[in-house]
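**Student:** Sequence:
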Amino acid sequence: MSDVYEYRRAPNRGPVWLALIGVILLLVAVIQFGATQLTWLVWVAAAVTIAWMILPQPVSGIRIDRDHLVLAAWRKPRPIALDDIAHLRVDDSGLETHTTIVYRDGKEEVIFAGDLPDVDTLIMVLADRGIPVREIA
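Residues 3 to 139, numbered by my numbering, are exactly what the sequence shown covers, in order.
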């Protein structure tokens, strides 16, 4: 077993491509059908798409070593000592998976789902480090 587990989720550019396709379709409509009244809409949509492409999209993910679980490891790292964690609770009943850290003192903290790998991988990695994961189906 490696001492450090890292999970990185690359930024998603899908919405940018979708917006670009929308701009192209609007441009085709303006040219093909002579809808010159929509020219301003093409310019606005193009400007928004370009601005969206320029905005930085940070990498999300977690890092787990022998002693710490680091949330948001590549944005604003926040280490949590593994000794402070009683267990993780995973609710996989809806469309999204909700994961909650339950601390030994009874406090609970919801984890951002975009930072986490799939549930099976998370269970395996945390089990290797002695942290139980409880699933709610």
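Possibly wrong hints are sitting among the right ones.
To be verified - Label pairs and their in silico Cβ distance ranges: (1) Val30 <-> Lys109: 34 to 44 Å; (2) Ile52 <-> His89: 45 to 55 Å; (3) Pro79 <-> Asn14: 46 to 56 Å; (4) Phe114 <-> His89: 17 to 27 Å.
Derived by calculation from the structure, the hints in this document are not laboratory data. C-beta: ideal position from N, C-alpha, C; glycine also.
**Student:** It remains to establish, for every hint, whether it holds in the given structure.
**Tutor:** Evaluation of the provided hints:
no.	hint	result
1	Val30 <-> Lys109: 34 to 44 Å	violated (55 Å)
2	Ile52 <-> His89: 45 to 55 Å	holds (46 Å)
3	Pro79 <-> Asn14: 46 to 56 Å	violated (21 Å)
4	Phe114 <-> His89: 17 to 27 Å	holds (19 Å)
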